[in-house]
Every structure is written in C-alpha cells, then in structure tokens.
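Q: These protein sequence lines are chains A and B, in that order. Using our numbering, the letters of the first sequence map in sequence onto residues 33 to 307. Using our numbering, the letters of the second sequence map in sequence onto residues 57 to 427.
Since the hints were made in silico from the structure, they are not lab data. Using N, Cα and C, we set each Cβ at its ideal position, and we do this for glycine too. One thing to keep in mind: the hints can contain errors.
Unchecked claim - Counterexamples of contact, computed for chain B against chain A with all Cβ distances above 10 Å:
# : residue
1 : Ala117
2 : Ala164
3 : Thr170
4 : Ser257
5 : Leu295
6 : Leu303
Claimed, not checked - Chain A stretches covered by chain B per the calculated footprint, using a threshold of three residues with CB under 8 Å from any CB of chain B:
# : region
7 : 51–60
8 : 270–282
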Amino acid sequence: MNPLVPQPAEIVEKRSFGREIHAYRLRLKDAEARPRFDFQPGQFNMVYAPGVGEVAISISSDPEEETIEHTIRIVGRTTRVIDRYGVGDVLGIRGPYGSCWPLQEARWKDLVVVTGGLGCAPVSGAIDYVFRRRANYGHVTILHGVKKSTDLIHRERFEAWRRHPDTTVLLTSDQPERHWRDRTGVVTELFDEVEFDPTRTLLLMCGPEVMLRYAADLLGRRGLPEDRMYVSIERNMKCAVGLCGHCQLGPSFVCKDGPIFRLSAIRRFFAARHL
Amino acid sequence: MTLPPSGPASFLPRARLQALIDALHERGYRVVGPVPRDGAVVYDELHRVEELPLGFRETQAPGSYRIEATASGLAFDVVNGPGSLKPFFFAPRESLLQITLDDTSFHAEETIPTPPPTAFIGVRACDLAALRAQDRIFLRDRYPDPYYAARRRDALLVAVNCTRSAATCFCASLQTGPEATAGFDLALTEQGDGFLVRAGSDTGREIAAALALGPAPPERVADERDRLNACADGMQRRLDTSDLPELLYANLEHPRWEEVAQRCLSCSNCTLVCPTCFCHDERDEPSPDGLRSLRVREWDSCFNREHAQIHGTNFRPKIAHRYRQWLVHKLASWIDQFGSSGCVGCGRCISWCPVGIDLTEEVEAIRGTQT
C-alpha cells in the first residue's frame, strides 16, 4: 500500500488550552481501517489539512482508546489552518510512524521524565500509559519546566499525575508571575531535589535540545548510563518514511529511526551543534 | 591496478550501431542516450546514430566543462555531462496524489506514472552504481516507492565502459568503474572501428543474439583490457575511503567546514547534478477553485536554507552546516544508512560547482589537519 496516501479522519472532540494549543480527537472515517491503526506511545502521524499541507504530530492518546488524539500547537502555515477546524470537520492522517518510548523495557523500573517548553505532548501519552498500568512500574518522577509561568498548559494533568502513589511531580518556571506557587528556575535545577537509583531508572526527555544536552550531562554525572536515557527529537519532516532526506541527524532518519532515540545510539551526532 | 576480465565478448562493427538502436526500437523501447545540447552532453531520446555526440570530447576541471568536436568519429568519447539517469527514475517534479476536496471530506488518488519502456544507451559504470544506490533507497527500504518503481521496472540499460576518464573522475577509488561489472543488460566497449559487446541479462543476450554478432577476436579483448586498466590507473583524482566514515564523524567540528563555507555559494548545483542525491520536498498545490489539490514531489537540496527549518528553528542556519551535512552524508552516514557510499566518483559536483569546490580536496584537507 502507498504510504503517502492520507486517510480521512473526523474530529470528534476538540479541547483548547489557551489560544495556541488544541487537542483533537480523531476517528478514521473508514471503519475497517480503525482496528488496523495500531501504534505505540511516542509514534507520530502526518496530519493533513486538506488542500494545505501536512505536519508531523505525535499521538497523545492511549493505544487502547478507540480514537486518536493529537495535541497541536498553532505555529505555522498548516497548523494555522488546522486551528480553524472543529468537531465534525475532517482532517487527514497517515501513520503511525517512527519509534516509541521504551515502555516495555521500563516495566518494573523507576522512571524520570524531564520535559521543557510549551508542549510535552510527545511524552504525556507515555505518562498516561504508565499510570493506566501503574502496578507495572516503579517510582515515577515528572519534572517539567516552562519559561514564563503562563506557558504552563495542562496543569490539571500534572495535578492528576501527582495524586498517583509513589509519584513525584515538580513544576518550575524561570520567569514566574506573582501567583506562581511552584519552583523557580530552569528544569535542570530540580535535579537537586530528586533522588533516583541509577541502576534501576529510565529517563524519558522531551524539550529544547539545549535542555536535553544539559540534562543528559547532569544526570550522566549522577551515574545514569546513556543507554537508559531516551530523548524525543524534532526535525523537519515531509515524507515520514525515510525518503525525503530532511530529518537526518547524522546517520539517523528521525522519522523512521526516531523520533525517540536511546541517547547512546546518537550521542556524537546529538552532541554536535547544527548537524 | 588490474581489472578482472569480463565474460565472453562479441564484436559489433561501428557501421552496425544503428542496428542496435533499431533492435531496441523494434522491441518497443523508447531509446535514450547521450546527445550534445547547449554546449554539454545530456541524456535525451534519440533515433539515429547521428544524434550521438559523434567525435565530441569534453574537457572537465573544477568549475569547468567544455565540449569540442574532434575528427575521432567516436560515439562515446564524452565521459559524462550534467545529467545522469536520475531524472528518468526519480523525477525532478511529479505529482504523487490527486486530491478531491468537498465540503465534508477529501479523497486522495495516487498518480502513479505510466512511462514507456525505455532503453538507455551509453550509461557509464558510475551511473549504474548511482542507479543501484537509488534503487536501494526507493525500492528496498521499508516503504518501496511506487512512483520510482513504475519508471524503473521496464528500463533496459546499455552500458559503455570508460576507456578515457575526465580530469574530475575518481570512480576507480570507489570501485564503481571504469568498467561496468553489474546492473546492465548490455555493455559496450568502444574501439576505433566498432564495439565489444557483452550481455548482462537474458534480455541483453536475446538482443545480442538477434544482432547475430561474431565473437570478438582475442587481440581486441586484450586491447580492451589494456585500455580499461590504463583508464583506471591514469585517473587524476583519488579519494581515499579507507578511514571513512570515521574520519568525517570524528571531525564534525573541524575548521575546514567554516573555510569551505567562505567559498561555497550554497547554490545546490552539486546536489542537482549528483546522480544519487535524493532529498525532495512534498507539498500541496491547490487549484484556484479549491476543489482539487495536487500533492507534488520536487527535488530539494540540503543546501537550501529551508531544508532543516521548522517553526522558529533552523537546524542548519549557516552554509558551513549545510556543506558539512552534504559531505558527511554523501561519504559517511550514507554508508550507515544504505550499506554503500553515496558517492560514485562521477565528479559532476566538481565540474558543475560554479566556484570549483572539489570534495576530494575537502576530504584530504580534513584528513591532513585532523583536530
């Protein structure tokens, strides 16, 4: 089958977080295609605004749900069109593509999740996945940093995660407003407050690459090996099947070898700037 | 360097070259071969031997390409030109999908091309190697590309072995030439009064048999071996690949990248003439009435500023980053991705670079001054 053909999918729910971020729940129009759409947390779809273009968006729903959720930030030409779409409208999707978070490898282990910036969508689906199967995982530590405190979206989601047993959730802002009651500073400063056993911990990270590099360095010094650090990488993508060449990071095609990478597998290429 | 002798050869007298072209036509092929045009030799459709660049010879150097007429009468004395086989299989621009839009939904139809079966004559060993590289990418990855496959399926390849190299050639370093050893239906070696012919496929054997050629005398074969060996040994440019890809991976921060960026115009000529470069853009082109949209694929280049750009971030903002991407991909990461080098030693990127940047020189500069 031609992987480049988008499938029509109806928007069945739209939730907005501020003006810039919307979570769309999609249902494939073709009922027969629905059970065939099988993905793992961390994978992405090419989401198509008909007649406009495609964008690579990670899937933020749980694989066992009937519908597919995409949390989309309105930042470019195509997403500005998707912004206007509402319940009942039809988008296109093709996928799922790419690698997934190591949620099988993580069973019975502790998890440290470090996210930064406006969106933590690529990893929030994985966190939900873990909490739906809470007994299978050890201690979960979630560290999330934003620049301005008003950049924090999904606060209710963090609060819900915080209520789970054996779970630590810390939020920080390096430019907080007066009412901010969480930490102040960048996300890596939270590491001082966190205890983890490097022999039984997996790290999942998503955010600006400067943050990823610095965080990996700090946690590495605390004994966490790079083959248990996982990062979600963002690059320009057009085809999503490893043909168009845009998403390369050294020998890796982020679309098919990523977007989730074991850090040890890409270390020297990730360390080089502007590669 | 001594090349291994190839399979049994027959002899095609020069006067019967037209019979070969006719035989291809009779079997239903459109015939494409080298033709002189606008001061260069390019691949295009042809019907008559007289359309070949008879007697032409080219001179290539960094940033320079000239053809001139000689009295040799040779049909395949021009080693190559800016065009490779690439555009015939991986189209510079093509539609992927025809999308119909209505108020409630959309419908996407594939637009798989239906090209006529095409026979390519005069294909050099480097371009056959490039075709193998493109086949690996478009046909033997996780998602075979149906557009490329449709063009590639019925292609017939008549190779020509190189008995002369351009000053920009370095195929011997990459073991991709000067002799075509695989991937052809027929292979020719031009001599003064005719051609040695070898078949590399059943179709090739059928065509050769239909021409009722006699066996090539041993002295012709000996002469051919001498010429091919001399061509390989006499190649002016070399590329030492022994320490690739590690040499480039270990020198991602070498000052040479900044230095070459002072000369590089980031014009993308090298990627356009390269027979293996495969980067492309995909985008929708909606009709003015908003009822249809064409999903189009068009060649892109890692030298274009937008190549690594996403909202608010350009991962390769400077020419130094983009030149590094091109060279490291071509000579190093390509090997990790596809199991062979992305460079076949055709030298086009050297000749057609407007400022004459020579990738073999850039690699040597990095090797000589490793950080």
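Q: Does each hint hold? Answer for all of them.
A: Now the hints, each set against the structure:
no.: 1; hint: Ala117; result: holds, 29 Å
no.: 2; hint: Ala164; result: violated, 5 Å
no.: 3; hint: Thr170; result: holds, 15 Å
no.: 4; hint: Ser257; result: holds, 27 Å
no.: 5; hint: Leu295; result: holds, 20 Å
no.: 6; hint: Leu303; result: holds, 13 Å
no.: 7; hint: 51–60; result: violated (count 0)
no.: 8; hint: 270–282; result: holds (count 10)
Consistency note: the structure conflicts with the earlier hints numbered 2 and 7.
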